[in-house]
Structures are given as structure tokens and as C-alpha cells.
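Protein sequence lines, in the order shown, are assigned to chains A and B.
By the count of UniProt numbering, the first sequence reaches residue 124 at its end, each step adding exactly one.
By the count of UniProt numbering, the second sequence reaches residue 474 at its end, each step adding exactly one.
Worth flagging that the hints you see were computed from the coordinates, not collected in a lab.
Bear in mind the structure is a predicted one, so any value in this text is a computation, not a measurement.
Hints may contain errors.
Said to hold, decoys possible - Mimicking BS3-like on lysine-lysine, the simulated pairs with C-alpha atoms at most 27 Å apart in a straight line are: (1) B:Lys119 with B:Lys38; (2) A:Lys19 with B:Lys427; (3) B:Lys251 with B:Lys187; (4) B:Lys38 with B:Lys187; (5) B:Lys309 with B:Lys337; (6) B:Lys99 with A:Lys19; (7) A:Lys49 with B:Lys427; (8) B:Lys119 with B:Lys99; (9) B:Lys407 with B:Lys309.
To be verified - Not close to chain B: a few residues of chain A, all C-beta gaps over 10 Å, as computed: (10) Cys12; (11) Phe26; (12) Pro37; (13) Asp41; (14) Thr65; (15) Leu67; (16) Gly101; (17) Leu117; (18) Glu121.
Every residue, glycine too, gets a C-beta built ideally from N, C-alpha and C.
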Amino acid sequence: MVRLITHNMLACHVRNCNKDNFPLIFSEVELVIRETPENLDFIRRFLPKLDWTALVDTARSLGDTTLPDEQPVEMTDDQLRALHHVLMEMHVEEGNMTCRGCGHVYPISNGIPNMLLAEHEVGR
Amino acid sequence: MPLYILRVSLDHLTFRLPSLLSISQTFDFPIRFVSEDKFRGILVVELAHKKDVQHLIDRGTLIMWIAELYAQAETYDDLHAQLRERPDLFDEYRQRTFKITPEAANYHFIGSRPLEIVKSFAYLDMRGGVELENPEVDFVVFEDYDSETIHTHEQRLARDGRFRTVYFGRRIGFSRARPLVKEQSVKTRAYYGNTSMEAEMGFLMANQTLARTGKIIYDPFAGTGSMLYACATFGAYVMGSDIDGRQMRGKSKGPDVTPGMLRAAAQYGVADKFLDLLTFDVTRSPIRRGGWVDAIITDPPYGVRAGAKRIGKKSTRKTPLREDPYVLEDGTFAHTKSTYVPPFRPYELVNLTLDLVLLARYLLVPRGRLVFFLPTVTEEYDAIDIPVVEGMRELKVGDGSVQDFGKWGRRLITMEKTAEDDGEMPKFEDQDINSLADKLPAHHDFARRYYERFAPRNNSTPDVPTDGESAGSS
Ligand SMILES: [Zn+2]
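Just chain B, same shape as in the assembly (with noise of 0.2 Å):
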């Protein structure tokens, strides 16, 4: 079967595999990793079909291009014998305009070096001519060396050609999905907030919800809508609610206004792609059925600003819930006012995040995904976090794919419905925070510990935070 290489990003290196395998997923065809180091700049992958790399081409933001792979070698000489043997891999190319470019990875070509390596290929026997602007093949060297800091000019001279594996391939394409996430930047986007995250990660986040064409996929904790546009950029149509609809609307208010998230989804030419923008509170949802959401993507808010919220009064405060609709002076209901807002409490993200999975396990169609953000004390982080709830199992490549930030990270949680069947709206009822097991999970109590500088729990002093770093999302 067919191998190609791929020239992948060394950012983000924990959500490499998982989104390829998110990319397989979505359009069902099989991916085999080859390389033995899964981690470099180029990753060597088997598909069964051609057809393929067009979905990982369309798909792959960590990609920025694809390659027929046929040969790869420690050293050039092997690389040429291995080439020699195989002139039948040219002869479909052979009258056809082309060209060879040499690349790299931990390095950087100076000189008269690249020439050379394009002239050593010369028993190639290419008779279309050489075209560097649009040639109809594109042949690509790529050499991939270890990262190494470098000081003096000699030293620099001294790691021409000490790379630990040359490739040979003809490049399919460029990756179409990676240009997106400067085009939907949030510096250049039409409506945005200042927890709004950025576009890579919406798109990560986006892969790992199996998004396409004819998908629903629902965030309820929408803000400004981060993660929608990259679900309705892949094609599916998407949902958002939130407890505070001005996040989805923006300041701007009366007849004929935009609402901020749909001037940013037209701006990306996804309007028609947004079922809806609803202002409620999760925990007290009017949706009336189960079974019919493809993925709920959500990044939960876990700010110290702007943490999670509920309708509901706090346990300290004396007054409770009213029984009654409250009377105004001229007669009439409070609540029947537009200026009306119920009275709010926060949302512990433990509880949330169980409820999250239990509103998953409700909504979701089988095999239907739950991706979400959770962030995480890194040295308490324990597998036990996250929830364990009948019918939704977790998906984990390897240690998980985690954003670190050094004492925290945010890490991005995928999980699947594997129930068949729709189950019981969840009752968002408080948990007993002592009765959990015999630990609290690392995300606890998070934006308070993040104030405190993630002391550990039993030291109660807090450092005065310098700040400069936020703990916002969404």
C-alpha cells in the first residue's frame, strides 16, 4: 500500500496523532503511522487509497504539505541507489515539466548546497524540462535533522548533510486546511471577546468532533462562538447557547442589529451554517429531546474573571430562591421586563464537568462526540478527573493531547456515546464536593488555585499574582 509523507508542524505535538486519526475518522478510510519516531517534522503514514490524502490535505491544519514517498535513506548515497532501482516510478512523469526542491527540518540551506542536491538527481532522466514556478511534478528532498542550539559559523558549517534521514517524494499538495487558521484569526475577526481562543485550536478542537457536512454540533457554553466557526468552516451546522447573551451578541442592540457571532460566521461565508444562538442556562435548558446532537464542542469558562455561572443565589446568601414572581410598584412581574436578569451563583467546574458528560450522554447520537477544554493543576492531574458516566467512554491517544503552561495546562478531553440510547435529561443537581472519592480532581475549585499561583492545597497563603497571563477561555 502506498506511503506518504507528511510535513508536519512541531507545535502542539500532543494533538498530532489524534487528529489525523480524528481525520481518518470523520471520512472513515484507514491510517497507519510508520515512522518509528512519531514526533519530527516529517511523519511517514500508510493509506489504502490515493483518494485519502485529499481529506488529510482539506483537513490537516498541523500538516503543511503531503508527499508520495519513495524513498528515505540515512544517507544520500542510499537514497540514490534505492532511486536508481525504481525508474519506473518517473516514467508516468517523465515528459512532464518539473522540479526539485530540497527542504528541511532543524536547518537551513545556505550556499551552493541546495544546487548541488538538485543536480546529483540528474540520472533521473527528466525530459518536460525544468519549471520552477508551476512545474506539473514537484519532487521534494527533505533532509530532517535533530534540533541542536548552534553559536559559531563553523559549527553551523559542520551540520551540512549530518540530518538523520533524507526523504525523496513528489508532493501532492499543500495543505488547504492550515492557511485557514490565519484567515479566521481572531485579531482579524469581525466579532470577537477577549476570552475568545484561538483559531488552531478551534480547528484541533473541531477535528476531534468529526465535523462535516450535515453534522449538528452544539456548544453550550458558546461566548463568542470560538470553536463554531471552525465546526461550520468543515461543514456542519452549528449551535450555540449561552447563560449571557450579550457574548453572542455583541454591545450593539435594537432592530436590524447582527448579532456580533453571525457578522464573524458571514465574514468566514458560514452564516447559513448556524442553526441558532439561544440565551439560556445549561443547567435549566428548554431542549426537549435527547439523541440528536453529532458533538457538543465546548471550551467551559474557568476564568478568575469570568468563571462559570448558573442561575441560582449563592449558599452564603440568607435570602432564598424566590417561590414567587416578584410585583413591581406599577403591578406588574419583574421578570416580564426585557431589562430582566434572574440572580446567578457560580458553577463549580467540578459539577459542570459532570454535567457536561451526563448532558452528552443525553443528547448525543450514538458514537456522537464530547470534546471539550479542562483545565488542570498539572502536577495533581489524575486520569480519575474525568467523570466516569455509563454509555460515554474516553478517547486517549497515548498521555492525551495537553496545552501546557507550565504550572497549568488545559487539556483537551474527547469522548464518545457509545449508548444506544437517549437516557434521561440530566438533573444538574450539586455534587457532595467532600464526598468525592478519596481526592479532589486537579480542576477543583481551578480559578482560585490559579489566583494562588497552584499552591498546594493545604498551604492556604496565597502568592500576590503579578499576572500578565489569564486563565480565560472560550
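Looking at chain A on its own, in the form it has when it is part of the complex (with noise of 0.2 Å):
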């Protein structure tokens, strides 16, 4: 963990960043991959939720190459495969997430990101 299922679900949250706040940028990662069983229905289920650019960008930060730049209309197994590799398989367990926007750093330790707010970042 953190896989990029997820992180392809979270954005700079700090308040009144809202520009250039997706997606978070890894640095400093150590990259583990574990093989999880294969379940294409999810990946297919999944596919609408998820925002093909950041992934493919984050994929590509990461030295995953095997995503195409655009979303396949409909998606062969074989791409789904590469698909649940890059999703489920990747796991970040130590590193860094920043915000593009305003430079917020969101460390990963053991695989949990620390995603909490500093107090002059949560306004009210």
C-alpha cells in the first residue's frame, strides 16, 4: 500500500488549494509489487470511477510504461491485466506524495500515507 487505485481517489485537500492538486507526485518511493488474484469484472466496474491521464502519468513516474495514452474504448483482457497489474499490484510503501498546487508533502510510511491537515491548512 499505498496503491494507485487509491491514490488515483485522492487530491491535495489543504484549503483553497484547488488548482493543480491532482494528481499527488511520488518521490523518494520504495516500490513493492505484490501479486494479487486477478478480479477483470472490478477493473471493468472500476474503470469509470478512475482518471486515465493521472494514472497513466503516475504509472509512467513510477517505470510502469504498459498503459497507452488514451483510454481504450473497449478494453482487451490483455489490457485489463495491465491494468489490474498497475492498480492492485504496485504498492508504494515509502516515499512522498506533493501537491503540484501548493507544495504540500504528504509522507507514506509502512505503506500508511499521513494525509492530516497542518491546523493553519484546515481553515474555521
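Work from the hints to combine the two standalone chains into their complex.
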């Protein structure tokens, strides 16, 4: 953990940070690949919830180049398998996620990201 | 359509029908409750297809075993008469090894009675031979007695045969879910906290979420993860967040340390089902979009010592929240240190409950479910306590499911998202408590009222707490 399926659902939520707050940029990453049983129906069903461009850019930043620039209209099983690998099997165990908008750094340790905001970042 | 008898636990009676209905909804099969009295040790149900029995066996934690019903009667004479007319029921099994097991509710067999009962079925003409250890066919004779307090041996003997109903059926299987309650007991779990919920409740809640393979279930007050193990065991992907990361991790720190929750998940063989664990305040959440979570399951912390918290400062504090980062003497920002923790303030349960329903309205997929425990002062509870939110509705069987501890209880709330759209992320603003309808919800200020032994609200003199019980959670 952090898996890319979750990372794709997360944006910087610092008060008034609403430009370039997604996706968060990984750095100083310790990446672990863990095989996970495939459930391609699940992947197919989740597809409409994903931001494809953010996912492709993030996967590439971690060295995985299997996903095409444009989201295929119909996914083949091989493409779904590649997607399964990217979403479910790539775990960022250590490192940082940084917001391009405000620069907030969310550190990850033992696979758990700390996304608690600081006092001055929550507003009110 | 075939009838089945479910041998069911007499514990948690208000959870019985909701949990069976949820299993049928999870796997999309019809179930009809046939028994007139649905709260005895045997429940007769009608199922459209034989294969649906397996789902009840796999998921029914309150079920002990299930049998195909062949006959039921108030007397043995009537039972035998019915069975004599249906030799066709036995044709398929006539050449198989078999056994006949007498069992009972609220009664214990002694002496030669079980043997006499078995002998009375000789006319069934089973020819495959008796096999006590591993019979191919397992018939069960079940006597259902009323509960009674017995003082003498004579009273005990006088009860023989004075059951309300006797059932005869072919046992299809024992519950595979019920043993999980013991296997995943908090006592033997690799990681738990002092407020971890007992496994049985976790499984009952997991059934309410319609957990199954391919679903995503999220606990926004994950604590030590009590309910997530049950959901993952039922095949779902699970995700947890908590404002206190130590709850999910445990005390150990440093590189290569496996967080406590993942150690327990590995113990149960479901570590790969744990999508992610994240530290954040649910009222200041980094989740960027709605409409993708299949269910939210949670037991919000309402304990006397460990109530819910959110980022902020108590209204009684003179200094407001900082507008600018705090700069340390060495010129660096305090919040960039790994030891930094923002100030927290209490998260009043009335606000939390409304926020939870609003969050579910946003995060859930259409017809996704919100399942949570609400502590409540028994005498004051009113249906109005459940927040009414457009796009969400409560699913309730009878008077609902309650774990009753006397003056207070835990009410299990199940809600469904009826809206089709995602809507907006809730604002998580405090409600003006004084403006709330005519009366305060029974869970308002729950921790203090627990401490005061639930003295009426107009009497503010607290009893001295004797303690022993605790109102902890999650
Ligand atoms: Zn930002």
C-alpha cells in the first residue's frame, strides 16, 4: 500500500488549494510489487471512476509504461490485466506524495500515508 | 417450492431476520420466512432454488445448520403419519448409509429416549446401513420446547415429549460462517485494541453491507479494523482511515514494520483484500470524488475515554486556529516535522451522525449501503434520531436491531443510497444544537450521559460511576 487505485482517488485538500491539486506526485519511493488475485470484472466496473491521464502519468513516474496514452474504448483482457497490475499490485511502501499546487508533502511510511492537515491548512 | 429448517442461535434475536434478508440480497435470491413465530430455535424458510442454501451456509453466522424440511407436527403420531405418506422423499437415499440424530432446543435428552426416537422411524425402510461417523445421509429429528426454569428431577422428566413442535428433515450442512466467529475472536487476533468489537458483531455488520467479492467497503473510523476483517473474509476489498494512525499501526515504528491491522489481516488470509489504510480526519478528507464506494461500515468512537475527534480547537480556547504555519526557532515549519500533530477538538455525535449519512450520500454507488452502530439511551430513542437526508433511506426490519445493555444500547443502523448521482462532498459544519427540532437525539452528548448513568437531562447531578462496563467502540 499505497496502491494506485487509491492514489487515483486522492487529491490535496489543503484549504483553498484547488488548482493542480491532483494527482499527487510520488517521490523518494520504495515500490513493492505484490501479486494479487485478478478480478477483471471489478477492474472493468471501476474503470469509469478513474482519471486515466493521472493514472498513466503516475504509473510512468513509477517506471510502468504498459498503459496507453488514451483510454481504449473497449479494453481487451490483456489490457485489463495490465491495468490490474498497475492498480492493485504496485504498492508504494515509503516515500512522499507532493501537491503541485501548494507544495504540501504527504509522507508515506510502512505503506500508510499521513494526510492529516496542519492547523493552518484546515480553515475555520 | 422447497422448505428448509434453519437451526438458529437464540442470541441477537433482533439481528436474525435482517441478516438473513441481507444474505438473500447480497446473492440476489428470494427468501420467505414461513414460521409463524420467527424467534424460536428453528426458523422455517422457503427458498426458490436448492443452490441458495449454500449462500446461507456460507454467510449465516447465526445459523448452526440447515435441513430440508420433510415434515413438522405437534405430536410424533402426526409426524409419522405424514412421513408414511411420503416414501418418495426417501427413494433417492434408500441405498445410502445414514443416521438419524435427535436434537432439541431448550431441552436435553437423557437415558434411552434418543434411541427410542430413532427406532420409531424403522418404517422409513432405509437399507444402506447405519453409519454414525460419516453418513451419506444425515436425518435430524428436532424437538422445539418452550424455555422453562426447572428445579427438580421430576419436573425435568415431566417435560419429555412436551415440545411445541417436532421437525423431521435431511440435514444439508452446518454453517461455515458460524465457526469464523471463534476463529476470528479478538482474544486470539494478532492485533487489537481495548475497544475492538467482538467478531460476531463484525460479521453481522458485514452481512448488512452486502459484502462480497469485487466490492469496496470503507470504514472512516477504522480504529483497529474490527469490522474490516469480516468484510474482507466475505471477499470484499476494504479500506480504512482514521484520524489516529497509531490505532491502525500499533506501537511499533520504523522501517519494515508491518502495521498491526495488516498483521491481523494476514492471520486471517485476507491481507490482499486490504486496499489501503490512510491517516486523515474524515471531516478534512483528501478523497477527490464520490460514487465509487459500495458500502461504508463503521462503529464511530463514542467512548467515555476515547470519543471521536476532529482537527480544530475547542470553542472555549481563547486562541483561534492559526492562519499561518508555525515557525520553529531553527526557521523550519513545525508541521513538516514527522512528529507534528494538529490540535484536535471533540466531534459531537449528533454532528458526526449527520455527517456520516451525508458522506455516504456522496461516496456510495447507487443502492450502496451505510451500516453503523449508534449508541443510544434506551428510554429516549425515537425514530427521529436517524438523520433524514435526501437520497438516503433507512432499511429497518420491525423495530430495528439493538444490542441491549439495559439503560443504554447500541442500535445497528442500515441505510441505502437511493440517489443515482454522486452529489457533493459534505461541508462537515457543526449544527446549531439548540435549533434541532423539539428534542435532542438520544445519542446527543452520549459520553457524558453514560458517565452520569443516564440521569434524565433535567437532573444534572451525576451519580458516582462504579465502572466495570465501558462504552468504548471499534
Ligand atoms: Zn495542495
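We went through each hint and held it up to the structure:
no.	hint	result
1	B:Lys119 with B:Lys38	violated, 31 Å
2	A:Lys19 with B:Lys427	holds, 19 Å
3	B:Lys251 with B:Lys187	holds, 18 Å
4	B:Lys38 with B:Lys187	violated, 32 Å
5	B:Lys309 with B:Lys337	holds, 22 Å
6	B:Lys99 with A:Lys19	violated, 72 Å
7	A:Lys49 with B:Lys427	holds, 22 Å
8	B:Lys119 with B:Lys99	holds, 11 Å
9	B:Lys407 with B:Lys309	holds, 25 Å
10	Cys12	violated, 7 Å
11	Phe26	holds, 14 Å
12	Pro37	violated, 7 Å
13	Asp41	violated, 6 Å
14	Thr65	holds, 24 Å
15	Leu67	holds, 19 Å
16	Gly101	holds, 13 Å
17	Leu117	violated, 5 Å
18	Glu121	violated, 8 Å
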